[in-house]
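These are the residues of each chain, in order.
Protein chains: 4
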Amino acid sequence: MNTLGTSFRITNIGESHGKIVGVVIDGCPAGLELDMDKLQKDLDRRRPGQSKVSTTRNEADRAEVLTGLYEGVTTGAPITIIIRNQDRDSSKYLEARWTPRPGHADYTAGLRYGENQDPRGGGRFSGRNTAGFVMAGAVAKQVLDGIGTNIVAYTQQIGPVVAKDVDPAKVTESNMVRCPDEAAAEEMIRVIEEARSEGDSVGGKVKVIALNPPRGIGQPIFDTLEGDIAKALYAIPAVKAVEFGAGILYAGLRGSEANDQYVIRDGKVVTETNNSGGVLGGISSGMPIEATVTFKPTPSIGLEQKTVDLQEMEETTIKVEGRHDPCIVPRAVPVVEAMMAVVLADHTLRAGVIPQVLGE
Amino acid sequence: MNTLGTSFRITNIGESHGKIVGVVIDGCPAGLELDMDKLQKDLDRRRPGQSKVSTTRNEADRAEVLTGLYEGVTTGAPITIIIRNQDRDSSKYLEARWTPRPGHADYTAGLRYGENQDPRGGGRFSGRNTAGFVMAGAVAKQVLDGIGTNIVAYTQQIGPVVAKDVDPAKVTESNMVRCPDEAAAEEMIRVIEEARSEGDSVGGKVKVIALNPPRGIGQPIFDTLEGDIAKALYAIPAVKAVEFGAGILYAGLRGSEANDQYVIRDGKVVTETNNSGGVLGGISSGMPIEATVTFKPTPSIGLEQKTVDLQEMEETTIKVEGRHDPCIVPRAVPVVEAMMAVVLADHTLRAGVIPQVLGE
Amino acid sequence: MNTLGTSFRITNIGESHGKIVGVVIDGCPAGLELDMDKLQKDLDRRRPGQSKVSTTRNEADRAEVLTGLYEGVTTGAPITIIIRNQDRDSSKYLEARWTPRPGHADYTAGLRYGENQDPRGGGRFSGRNTAGFVMAGAVAKQVLDGIGTNIVAYTQQIGPVVAKDVDPAKVTESNMVRCPDEAAAEEMIRVIEEARSEGDSVGGKVKVIALNPPRGIGQPIFDTLEGDIAKALYAIPAVKAVEFGAGILYAGLRGSEANDQYVIRDGKVVTETNNSGGVLGGISSGMPIEATVTFKPTPSIGLEQKTVDLQEMEETTIKVEGRHDPCIVPRAVPVVEAMMAVVLADHTLRAGVIPQVLGE
Amino acid sequence: MNTLGTSFRITNIGESHGKIVGVVIDGCPAGLELDMDKLQKDLDRRRPGQSKVSTTRNEADRAEVLTGLYEGVTTGAPITIIIRNQDRDSSKYLEARWTPRPGHADYTAGLRYGENQDPRGGGRFSGRNTAGFVMAGAVAKQVLDGIGTNIVAYTQQIGPVVAKDVDPAKVTESNMVRCPDEAAAEEMIRVIEEARSEGDSVGGKVKVIALNPPRGIGQPIFDTLEGDIAKALYAIPAVKAVEFGAGILYAGLRGSEANDQYVIRDGKVVTETNNSGGVLGGISSGMPIEATVTFKPTPSIGLEQKTVDLQEMEETTIKVEGRHDPCIVPRAVPVVEAMMAVVLADHTLRAGVIPQVLGE
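Residue numbers (the numbering used here), protein chains in the order written: chain A, 3 to 362; chain B, 3 to 362; chain C, 3 to 362; chain D, 3 to 362.
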């Protein structure tokens, strides 16, 4: 189904080339004065056509609230926010139904939905549906604002270029790849432009951190924070790995190196390191919640690739035409933030009043 | 909540040192003749005390079916399977409530449940609850058997030792670390024993593959196969990263290297490579579904670590006593298989009759 | 939450005096060519201002599909259908927040949502939200059409006037109270007009029948057909009793009178009587599914009633101004049909392929 | 599925003639000291063989807690409570599979589950599964105790005998039919014994009242209190009507008679009457929550009835042998209480901290 969450639930609606894309948010607490400028700003960060490293398509995505607000304040009723799509030429997508583009969902969507799916612009499988994620995330961020939690994300890797670790409290978006390591950013831009000039694309990684998260949220066994965050992140097209804290590096560590040891700082229990990424036993410890998300290279490339003509059942080749992002990672940064925010808002509300720390 | 899944739903019950651990399975199709020997065999693979690389605790875990079978056949009613726990000395766990063990859930469990949780043996946060996962997985595997899908998993890495890639169709468990690369296995055993002898522990990775999976299962947007598999795997204690197919390596690839190109083999549409790990757009392509799971080192180590006395709010140290697995990875192999099986059974049943391939 | 159903799920959105009212339908099978004229016709049957026995407010409710259709055919994606509200004067509702109208939800809504709810026109508690029910029901009816199931409803009682039983296959809407017993209908109209002329209102009953329903749908224990139909019907404002088949009359019967005995007619197993209303053990038998729904009188009346000024905490009185239905029952008929259709479509899809009858 | 509820969720497990019947309760708050004597007492009230008006089968049902308690106190983990079934002769039930008993679920269960269901003693469709309801209800009652809510139920009607209304605060169980109107009770006993002596059975009604319920619980639109209570009550076998407050009598009332008018008593806002049964707009007002439940006569009767041999597809007759309740209503009283308690506990927890009354 197209719904995520338990207490703060989002339902994604719309199609890439249909009338609208949007989201219905159920469970948002009543009494929140929604800041639509912040919401629009996050949408603008996701928008295509922002810079030379993204697609040159330029869409003015304007959020419009249909339900759930009264005099600008949430009422507890479902909040529906939509973006009207502009008219688009969908003709070039129609053939993908029968000659699936490698790396795209064309083939598997055909397995699942047969001929009845909307083929225009990827339909339900389009990255455009992440505009709905961003709008839901913007509302979730405002819920989290109320408890002092702030979410930041940035580009950590593009192709072979890996950024140095940075203080998450100091992350700003000062360049078009959204990487706070300026030297790495320059190199990343070069790598993306090189790929684009060759009709190719590159992958990368986004790091996301929730600062000052609520302590004690998450559920043991199945609805762990890690599990629910990972599930939400895998809803973003092209995500292929999700790590928490030290992530895959844990495999090579010893327990004595890996364990985060407890100390008291400023009268509070904290850990000296944060290898766990702020989550133990599926529950937040109060340390920053840190996840790293790997994106595959944009599958739309101008180079010739093998594919199959499904009607004739014969092999053929395809070059994907059109203007595409040579690297989706910079535009994915606000989407990653959004999904983290949605899950944390959900688990915060699920936990009700958060219990006090034992002994404090 | 303690329930996972939509059409094939499992509810995990029990405590490490309580009367039982177990599982309730709801939604298993009627008419399945349950092979209890296979189920018991998977339990035995997870059992402590199997080899010198696991804990020397020796528990005879016998599965007992309480509900849902009539003359050995499933009826469509909930299937309850339990294991009775043996009497155990829980005294040494009681103090962990107030001096949390680094890397364990003691501290976060205290944040969430306060004083009312069952502290004995980790209670609800104990790895022992994965016995319920394995029993659910054994039932799920038998559902998948009916459609020809087979799940294998093996140890891919322990500490610095990485196994060579192997043909998943040929994986057997011929050594105590469950690594089919025999040379690597020997080295892994050495690494584990070294860690144990030093009172320390090591992490590692498990690779899991579903061979001949159903095509066209998974749901677009939120209930993607990757998202639901990742969520299920994060329910296993100590998991800190989940990757699909090429996983984190995708970050460094170009689209032209990463895309799996379509060809026809034996009259079927397949891809030449399987970087995507068998999932595109959240939906299975029919290629093997491949995931890699990173486990952190067992947090229970005999070395002295910093912690905090929560009652006195002062810093102190702790050495974790008792017999513990110096590396949980070999025993985790059947647990990883189980969670993959549970999710695939769930999505297979959710999809109903799987649509035919377009053009085939 | 604002969502109903498992496999065919509807989410109700909108406010009475907000921008829109509407519905999101998730799980509708792909490939259904939606007949918008039928949908609009059901909306028109629910519309205020149709006849002299309903409110004289006249609203032109036009359904608009925002998502989920491609070239008029469902794609399996969520279907969003909305109605834009016309501008309305909401000023007279604002005071109800502090001097609750007897029989309305003003007081309990205040308990639940405090000051943040949308007070205009009843907001989320308005009967206007049933326009979304009717649109969802119209889609569900078209799903049921495909399996030959037809749903009819009619007015069975208004005030003291009870209609004679009629053949459900012959029900037509030939009068403004939607009662197929013409003599009773005339009397019902008189009763309603009398109440209206006195500033009062009357209650009544609607009977709903699903003809040729799928056999074997419904789930044992909790998700029984009766339970899910009753829950859906109680979502209609003013419903206070739901009965199946012989309903409350069962209390006075003996088993020998009450049991529906099995016979063979035209080669099929049927029951001689249908006291059970087509459901046994929560599962449909194939006989018509019959429910009777009691509506309380419209709480909005022009007579003086006692209420409380919640700000001053002192007793006062209220007369409810404005044009209101003196009897909601005739307009509720298509709403009752809609909720029956939604639940049957949901359970039909949940059951997957319906098993064959044993022995047939 | 076999699960009910959102925040306080119960999963019903077991079969009438299997090893156990029981329940898993998920979401019960941690820290509740469970009074097992009270739980056992409710079980004893439901038990067969209590009096001459119930079946003469005599089963000693002893509740046993398997999980979720630590030193007698709930931990927040799932609570599993079971009753071991005694060995029973199931042979006489086996034939019901092919010659369905009128009024029972034999026929519809066959439609749904084919040959794989457990036929012994009604299997999953047996009234014996309501033992699990009673155990869940006993836990829910103890949750409600903590907020001062008390639930009472009594027999209101058996066959033609209707009890006079009684003050719910004074209901005691002083006779075997659980009717507080002693004169009516005597008559009811006579009616039941007469039916039994003729091999027949009778129906009846149970009234249930929640005294001092939390105000402001319930959700608008779909998860209304009435809808969720009705759904839970329809899970009890033989329930065919559920009414709230004035129920079906509302159909014959005028608004001026039906509306509950607000007044101030002892500094609190209350209504002069309680026709609404304590619920407006799906949300509790704080007045007693009142529902009336109609039970059909026990379908098992010794008289000859028509049925069909499904294997031969020919008409035949059946007399249901064995010891059965000539009237299930007295034993259903604690089951009705239990389902009311489960739903109120669920909605109380869903609502979190209950908002204060506007103006108070």
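Among the clues, some could well be false.
[To be verified] Okay, derived cross-link-like pairs now, DSS-like style, lysine-lysine, Cα gap no bigger than 25 Å in a straight line:
id: 1; chain 1: C; residue 1: Lys270; chain 2: C; residue 2: Lys54
id: 2; chain 1: B; residue 1: Lys43; chain 2: B; residue 2: Lys21
id: 3; chain 1: B; residue 1: Lys21; chain 2: A; residue 2: Lys321
id: 4; chain 1: B; residue 1: Lys21; chain 2: D; residue 2: Lys43
id: 5; chain 1: D; residue 1: Lys172; chain 2: B; residue 2: Lys21
id: 6; chain 1: C; residue 1: Lys270; chain 2: D; residue 2: Lys321
id: 7; chain 1: D; residue 1: Lys172; chain 2: B; residue 2: Lys43
id: 8; chain 1: B; residue 1: Lys172; chain 2: B; residue 2: Lys43
id: 9; chain 1: A; residue 1: Lys43; chain 2: C; residue 2: Lys21
id: 10; chain 1: A; residue 1: Lys21; chain 2: C; residue 2: Lys40
id: 11; chain 1: D; residue 1: Lys321; chain 2: D; residue 2: Lys308
id: 12; chain 1: B; residue 1: Lys270; chain 2: A; residue 2: Lys308
id: 13; chain 1: C; residue 1: Lys321; chain 2: D; residue 2: Lys270
id: 14; chain 1: D; residue 1: Lys172; chain 2: D; residue 2: Lys40
id: 15; chain 1: D; residue 1: Lys54; chain 2: C; residue 2: Lys270
id: 16; chain 1: A; residue 1: Lys40; chain 2: A; residue 2: Lys166
id: 17; chain 1: D; residue 1: Lys172; chain 2: D; residue 2: Lys43
id: 18; chain 1: B; residue 1: Lys21; chain 2: D; residue 2: Lys40
id: 19; chain 1: D; residue 1: Lys43; chain 2: D; residue 2: Lys21
No lab work stands behind these hints, which were simulated from the structure alone. Keep in mind that this is a model prediction, so the values were computed, not measured.
Here is how each hint holds up against the structure:
Of the supplied pair hints, the one linking C/Lys270 and C/Lys54 is violated, its CA atoms being roughly 46 Å apart against a limit of 25 Å. Simply put, B/Lys43 and B/Lys21 have alpha-carbon atoms about 22 Å apart, close enough for the 25 Å limit, and the pair holds. Taken as a hint, the B/Lys21 and A/Lys321 pair is broken in the structure, with Cα atoms around 62 Å apart against an allowance of 25 Å. Proximity of B/Lys21 to D/Lys43 is assessed by CA-CA distance (about 24 Å); at most 25 Å being required, the pair is judged to hold.
Restraint check for D/Lys172 and B/Lys21: not satisfied, since their Cα atoms lie roughly 41 Å apart, outside the 25 Å limit. For the hint pairing C/Lys270 with D/Lys321, the CA-to-CA distance comes to about 22 Å; that is within 25 Å, so the pair holds. With a CA separation close to 59 Å, the supplied pair D/Lys172 and B/Lys43 exceeds the 25 Å bound. Between B/Lys172 and B/Lys43 the CA atoms are separated by roughly 19 Å; this keeps the pair inside 25 Å, and the hint holds.
With a C-alpha separation of about 24 Å, the suggested pair A/Lys43 and C/Lys21 falls inside the 25 Å cut-off, and the hint holds. In summary, the hint linking A/Lys21 to C/Lys40 is supported, as the alpha carbons are separated by about 22 Å, within the 25 Å threshold. Proposed proximity of D/Lys321 and D/Lys308 is supported: the alpha carbons are some 9 Å apart, at most 25 Å. The straight-line distance between the Cα atoms of B/Lys270 and A/Lys308 is roughly 15 Å, inside the 25 Å bound, and the hint therefore holds.
A hinted pair counts as satisfied when its Cα atoms are at most 25 Å apart, and C/Lys321 with D/Lys270 qualifies at roughly 22 Å. Restraint check for D/Lys172 and D/Lys40: satisfied, since their Cα atoms lie roughly 19 Å apart, inside the 25 Å limit. Of the supplied pair hints, the one linking D/Lys54 and C/Lys270 is violated, its CA atoms being roughly 41 Å apart against a limit of 25 Å. For the hint pairing A/Lys40 with A/Lys166, the CA-to-CA distance comes to about 29 Å; that exceeds 25 Å, so the pair is violated.
The hinted pair formed by D/Lys172 and D/Lys43 meets the criterion: a straight-line CA distance of about 19 Å does not exceed 25 Å. For the suggested pair B/Lys21 and D/Lys40, the alpha carbons sit about 22 Å apart, so the restraint of at most 25 Å is met. For the hint pairing D/Lys43 with D/Lys21, the CA-to-CA distance comes to about 22 Å; that is within 25 Å, so the pair holds.
In summary, the numbered hints that this structure violates are 1, 3, 5, 7, 15 and 16.
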